[in-house]
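Below are the chains, spelled out letter by letter.
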Amino acid sequence: MPLLQIRNLTHWFGGLRAVHNYHEHIEEGELVGLMGPNGAGKTTIFNLICGLYKPTEGEILFNGESLVGSSPHKISSRGIGRTFQKLRLWRHLSVLDTIKLAFTSNLNYNLVDALFWTKRYKRREDEIEERTYELMDTFGLTDYADARSLDIPYGLQRRVEMARAMALEPKLLLLDEPTVGTTLYEMYETMNLIRRIKEKFNLTIIVIEHRMKMIMNLCERIKAIDFGEIIADGAPNEIRENHKVIKAYLGEEEF
Amino acid sequence: MTLTGFFQYFVNALQWGSFYALIAIGYTMVYGVLMLFNFAHGDIFMVGSYIGLFISGALLAISIGGLVPMPSWLVLILTIVFTMLGTSIVGILIERVAYRPLRNAPRASAAVTGLMIGLLMETANLFALGAERRKFPVLIQTTVYKVEGVSITNTKIIIVGVSLMLMYILHLLVRRTKWGMAMRAMAYDFAVVPLMGISINFIASATFALSSCMAAVASVLFCTAYPILEPYMGILIGWKAFIAAILGGRGSIIGAMFGGYLLGFIEIFVAAIFPSTLRDLIAYSITIAILAFRPHGFFGEPYSAQLKL
Amino acid sequence: MRSFIEKIRSQFTRIPLLAWILGFLIAAVIERLIGSTLALPLGLGKVPRLFGIRYMLEYPLLIPNIIAYLLLIYIVPISAIAKLITPLIKKLPSWSSMPLYLMAIYGALQAWSGLDEYRVLVIQFILISILLTVSLNLVNGYMGAFSCSSGGFMAVGAYITSILTVGGFVYDDVFGSPILPPALGPFMFPIALIIGGLITALTALLVAIPSFRTRGDYLAIISLAYTFIVKSTIENLEVVGGPRGLMNQPRWAGPTVVFVWALMGIWIMRNYVSSILGKGAQAVRDDEIGAEVMTVNTRRIKVVTFMLSAFWSGIAGGLFAHVMGYINPSTFGIMKTAECLAMLYMGGLNSISGSIVGAVIYQILIEALRPMGIAKWMVIPVIIIIFMLRRPWGFIAFRELAFLRREVKNAPASD
Chain U
1 MPLLQIRNLT
11 HWFGGLRAVH
21 NYHEHIEEGE
31 LVGLMGPNGA
41 GKTTIFNLIC
51 GLYKPTEGEI
61 LFNGESLVGS
71 SPHKISSRGI
81 GRTFQKLRLW
91 RHLSVLDTIK
101 LAFTSNLNYN
111 LVDALFWTKR
121 YKRREDEIEE
131 RTYELMDTFG
141 LTDYADARSL
151 DIPYGLQRRV
161 EMARAMALEP
171 KLLLLDEPTV
181 GTTLYEMYET
191 MNLIRRIKEK
201 FNLTIIVIEH
211 RMKMIMNLCE
221 RIKAIDFGEI
231 IADGAPNEIR
241 ENHKVIKAYL
251 GEEEF
Chain Z
1 MTLTGFFQYF
11 VNALQWGSFY
21 ALIAIGYTMV
31 YGVLMLFNFA
41 HGDIFMVGSY
51 IGLFISGALL
61 AISIGGLVPM
71 PSWLVLILTI
81 VFTMLGTSIV
91 GILIERVAYR
101 PLRNAPRASA
111 AVTGLMIGLL
121 METANLFALG
131 AERRKFPVLI
141 QTTVYKVEGV
151 SITNTKIIIV
161 GVSLMLMYIL
171 HLLVRRTKWG
181 MAMRAMAYDF
191 AVVPLMGISI
201 NFIASATFAL
211 SSCMAAVASV
221 LFCTAYPILE
231 PYMGILIGWK
241 AFIAAILGGR
251 GSIIGAMFGG
261 YLLGFIEIFV
271 AAIFPSTLRD
281 LIAYSITIAI
291 LAFRPHGFFG
301 EPYSAQLKL
Chain L
1 MRSFIEKIRS
11 QFTRIPLLAW
21 ILGFLIAAVI
31 ERLIGSTLAL
41 PLGLGKVPRL
51 FGIRYMLEYP
61 LLIPNIIAYL
71 LLIYIVPISA
81 IAKLITPLIK
91 KLPSWSSMPL
101 YLMAIYGALQ
111 AWSGLDEYRV
121 LVIQFILISI
131 LLTVSLNLVN
141 GYMGAFSCSS
151 GGFMAVGAYI
161 TSILTVGGFV
171 YDDVFGSPIL
181 PPALGPFMFP
191 IALIIGGLIT
201 ALTALLVAIP
211 SFRTRGDYLA
221 IISLAYTFIV
231 KSTIENLEVV
241 GGPRGLMNQP
251 RWAGPTVVFV
261 WALMGIWIMR
271 NYVSSILGKG
281 AQAVRDDEIG
291 AEVMTVNTRR
301 IKVVTFMLSA
311 FWSGIAGGLF
321 AHVMGYINPS
331 TFGIMKTAEC
341 LAMLYMGGLN
351 SISGSIVGAV
361 IYQILIEALR
371 PMGIAKWMVI
381 PVIIIIFMLR
391 RPWGFIAFRE
401 LAFLRREVKN
411 APASD
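Chains as they are written, first to last, in our numbering: chain U, 1 to 255; chain Z, 1 to 309; chain L, 1 to 415.
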């Protein structure tokens with residue numbers, strides 16, 4: 001069974017059709033790219049998967065179960081983690097707390113435990129803290145554990161978002177332009193990081209990216225969309241040559 | 001309820017609605033332009049009443065004393081004008097001293113500061129003028145008109161008329177003048193206004209001035225209908241007008257007007273139907289119910305936490 | 001002059017809070033022993049009740065004498081003892097820290113208040129205010145809302161608890177004969193309080209649920225309307241006395257009882273905010289959508305935070321009713337809410353220590369400035385305004401004093 005199946009996904013914002021007949025079929029273990037000019041609807045698709053919008057039409061199946069109509073926190077608890085194009089960190093929380101929060105669906109203690117500081121609570125919080133430190137280590141964030149998440153360098157902030165998404169133990173990871181605003185060097189670092197965590201945690205990943213070097217070299221398969229519709233789908237070198245894609249990004253050649 | 005009864009209540013509701021609307025507009029303007037709830041506004045209303053008291057007293061003294069005889073409608077108009085002036089100064093001062101330094105602070109801190117300023121003004125009044133209630137001089141000789149069995153006093157007509165007129169003038173100011181446009185621009189995007197060459201401080205002061213003017217008009221009109229003044233008179237009416245402003249949709253002047261009249265109608269008709277002690281209870285419950293279904297008020301922009309992406 | 005002050009200040013920077021508290025305890029004991037004997041030769045008729053502030057306002061000519069008293073009884077002994085005890089405290093094992101703090105605070109309060117009934121009352125009000133402020137901090141500080149419901153919550157708790165105790169145990173005009181044997185009374189008090197708190201928490205749903213669909217600003221209105229509605233409802237209920245109020249609450253809220261409840265409240269609320277569950281509230285404040293996508297059930301957090309806050313405000317109300325022995329609806333209106341807001345924003349958002357500080361400062365101001373009469377309500381707003389202007393986030397915001405912090409257990413060895 002494919003991990004993620006999307007069929008006939010269409011979404012309207014009032015009179016604006018943001019996504020039209022999008023379909024996707026992702027098996028476990030794939031690393032897939034999603035590209036398209038600004039405003040094409042890529043982030044909207046992510047938002048629809050995560051449950052931030054309820055799609056006007058269409059089906060989204062995760063492990064065979066429909067996600068449509070569920071609230072975002074339930075959807076993410078099922079194992080879908082994501083990062084945001086425009087960072088959504090919590091400005092007053094430390095890096096440690098930020099990542100820990102993603103364990104909320106896996107607390108294994110209830111409110112009463114928390115209020116009265118029971119043994120079970122203490123044990124679980126310590127376990128979670130240990131796991132968080134392991135995660136921070138993977139992402140190179142250990143030195144910044146107590147820093148407020150917006151007080152650290154920008155590149156590290158992006159890693160915090162990734163680490164946070166990993167904390168909810170996802171099977172599917174959605175990365176929305178993970179290298180926005182980073183240098184070329186940081187981009188290569190991020191690419192390696194993505195490959196490493198995919199290997200280590202057995203992830204299936206969808207990446208939205210603009211930077212050709214990254215998306216072409218990282219992904220096995222890429223979908224290109226424009227105005228909410230799929231215009232191309234295939235291996236990186238096919239996409240590179242596809243004239244619809246070129247037209248969408250660069251415009252048409254005029255003779 | 002008989003038909004005459006209904007119209008009687010209708011007229012009363014218009015009167016009270018006018019008060020609430022004028023004060024609510026003040027709240028909503030400050031909120032719309034400066035993203036700030038000015039909880040001292042109810043007390044600015046109170047200060048306006050006292051300023052009106054002294055000004056009308058002075059004018060009457062001049063008039064009756066024979067220096068410059070004035071017909072009472074002129075005294076009323078002059079009272080309103082000078083009270084607007086005086087109250088604007090109070091409003092501008094408050095903005096300068098208390099709100100301007102907090103422009104970058106959390107809004108809640110500014111709100112608490114506003115509450116404190118209100119308290120300060122109430123107590124200062126009590127301290128300076130004593131606990132004795134004051135009586136506003138009679139500026140309009142009451143004539144009662146009976147129309148189809150409904151008694152309408154000229155006072156009520158004047159109140160509603162002047163209120164509507166001033167709301168219209170404000171509307172013109174905000175829609176047709178450059179400064180009004182700057183205010184509306186600031187309501188949409190705070191930071192852009194100074195980039196266009198207009199000082200935020202100036203707009204802030206102007207907004208407070210206008211807001212206080214509306215409160216001043218409300219206070220003078222209120223005192224012509226209910227001439228008893230005391231330092232805490234602004235509290236209840238202030239909070240109700242605040243609720244009216246939110247009901248109408250925060251940031252929307254038309255909304256505030258609508259909310260004010262709506263609240264006036266709810267209160268009067270609830271009091272007509274239910275025993276008077278339950279009036280507030282039912283009125284507030286209706287308000288919560290409305291807000292539960294239309295959280296952004298009637299004219300506010302729909303805002304959903306979900307969709308702010 | 002400045003370097004002199006600096007020198008003195010540097011002497012005292014490294015002193016832990018516990019040392020100061022113990023110093024205060026010993027100073028209080030000293031005062032118990034020799035206070036009145038010292039007061040006479042200093043020209044003061046009796047021991048100043050509240051650090052001499054009221055005394056100074058009533059008898060400005062005696063200010064030098066009062067200052068001398070404060071120096072001898074408070075300032076010098078506290079500083080000296082705090083400094084001396086510091087090395088001993090540093091040697092203590094860390095597990096003993098919390099129990100010692102509790103004993104020291106309790107001892108200090110007992111010693112200090114033993115001298116005068118008035119001091120006992122002040123401490124009780126301070127503790128109740130601390131409960132109110134900390135519970136308000138949960139919603140306004142940690143969760144970033146602007147709720148004006150303190151007065152309403154307190155009223156519900158106060159009335160429910162009073163109905164139970166007066167109806168159950170007291171013979172009076174309103175409820176008639178007691179239903180339960182009076183001997184059972186003091187043991188039933190905690191149950192009455194808890195029931196009051198639970199019912200308050202239930203009514204908090206009236207505020208919490210509309211808050212799902214609305215943005216923060218509307219919560220202000222809804223919570224305000226809630227306070228109004230509660231007040232109006234009580235005024236219309238003749239069965240509990242209506243506007244005249246309810247009295248004859250049995251005096252079961254002695255200082256120790258209030259202290260224990262305040263302690264429990266602080267402890268439980270602190271546990272909530274330091275847990276991952278509780279941190280969800282901060283995430284809701286900072287970025288609600290991000291929180292939702294990161295598996296935080298934002299609706300549940302809002303409900304839980306509101307209800308917890310309401311519960312403890314209700315308990316504070318119940319305690320208040322039994323300290324005063326009389327309550328009426330006008331006590332719990334806008335003014336009470338405004339006071340709670342002032343204590344909170346002055347003390348500091350997102351900080352339990354901040355709330356404690358804010359409550360203490362405010363209550364002491366209220367009491368200390370009493371001799372000024374009505375002018376008190378001009379001075380206090382001015383003080384608060386100045387405070388807000390200089391520290392808009394509050395005195396202690398987003399940090400905690402050391403003894404309230406959770407320790408980071410699993411920091412790797414390299415740290």
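By construction, these hints were calculated from the structure, which means they are not laboratory data.
Nothing here was measured: the structure is a model prediction, and the numbers come from that model.
Be a bit skeptical, because a hint or two may be false.
Here are the computed lysine-lysine pairs in the DSBU-like style, where the Cα-Cα straight-line distance is at most 30 Å [unchecked claim]: (1) Lys-376/L / Lys-122/U; (2) Lys-91/L / Lys-119/U; (3) Lys-74/U / Lys-171/U; (4) Lys-91/L / Lys-7/L; (5) Lys-86/U / Lys-74/U; (6) Lys-86/U / Lys-171/U; (7) Lys-135/Z / Lys-146/Z; (8) Lys-74/U / Lys-122/U; (9) Lys-90/L / Lys-7/L; (10) Lys-213/U / Lys-247/U; (11) Lys-83/L / Lys-122/U; (12) Lys-86/U / Lys-200/U; (13) Lys-213/U / Lys-86/U; (14) Lys-135/Z / Lys-7/L; (15) Lys-119/U / Lys-7/L.
Derived, one-sided and incomplete: chain Z residues facing chain L with beta-carbon distance under 7 Å [said to hold, decoys possible]: (16) Leu-78; (17) Phe-82; (18) Pro-101; (19) Ala-108; (20) Leu-115; (21) Met-116; (22) Phe-127; (23) Val-193; (24) Leu-195; (25) Ser-199; (26) Thr-277; (27) Ile-286; (28) Ile-290; (29) Ala-292.
Negatives, chain Z to chain L, calculated, CB over 10 Å [as the list claims (entries may be wrong)]: (30) Thr-4; (31) Met-70; (32) Ile-169; (33) Asp-189; (34) Ala-272.
Ideal placement from N, C-alpha and C gives every residue a C-beta, glycine not left out.
Hints, verified against the model:
no.: 1; hint: Lys-376/L / Lys-122/U; in the structure: violated, 47 Å
no.: 2; hint: Lys-91/L / Lys-119/U; in the structure: holds, 28 Å
no.: 3; hint: Lys-74/U / Lys-171/U; in the structure: holds, 14 Å
no.: 4; hint: Lys-91/L / Lys-7/L; in the structure: holds, 26 Å
no.: 5; hint: Lys-86/U / Lys-74/U; in the structure: holds, 22 Å
no.: 6; hint: Lys-86/U / Lys-171/U; in the structure: holds, 23 Å
no.: 7; hint: Lys-135/Z / Lys-146/Z; in the structure: holds, 28 Å
no.: 8; hint: Lys-74/U / Lys-122/U; in the structure: holds, 25 Å
no.: 9; hint: Lys-90/L / Lys-7/L; in the structure: holds, 23 Å
no.: 10; hint: Lys-213/U / Lys-247/U; in the structure: holds, 18 Å
no.: 11; hint: Lys-83/L / Lys-122/U; in the structure: violated, 35 Å
no.: 12; hint: Lys-86/U / Lys-200/U; in the structure: holds, 26 Å
no.: 13; hint: Lys-213/U / Lys-86/U; in the structure: holds, 21 Å
no.: 14; hint: Lys-135/Z / Lys-7/L; in the structure: violated, 61 Å
no.: 15; hint: Lys-119/U / Lys-7/L; in the structure: violated, 47 Å
no.: 16; hint: Leu-78; in the structure: violated, 32 Å
no.: 17; hint: Phe-82; in the structure: violated, 27 Å
no.: 18; hint: Pro-101; in the structure: holds, 5 Å
no.: 19; hint: Ala-108; in the structure: holds, 5 Å
no.: 20; hint: Leu-115; in the structure: holds, 5 Å
no.: 21; hint: Met-116; in the structure: holds, 4 Å
no.: 22; hint: Phe-127; in the structure: holds, 6 Å
no.: 23; hint: Val-193; in the structure: violated, 22 Å
no.: 24; hint: Leu-195; in the structure: violated, 25 Å
no.: 25; hint: Ser-199; in the structure: violated, 21 Å
no.: 26; hint: Thr-277; in the structure: holds, 5 Å
no.: 27; hint: Ile-286; in the structure: violated, 10 Å
no.: 28; hint: Ile-290; in the structure: violated, 10 Å
no.: 29; hint: Ala-292; in the structure: holds, 5 Å
no.: 30; hint: Thr-4; in the structure: holds, 30 Å
no.: 31; hint: Met-70; in the structure: holds, 37 Å
no.: 32; hint: Ile-169; in the structure: holds, 28 Å
no.: 33; hint: Asp-189; in the structure: holds, 18 Å
no.: 34; hint: Ala-272; in the structure: holds, 17 Å
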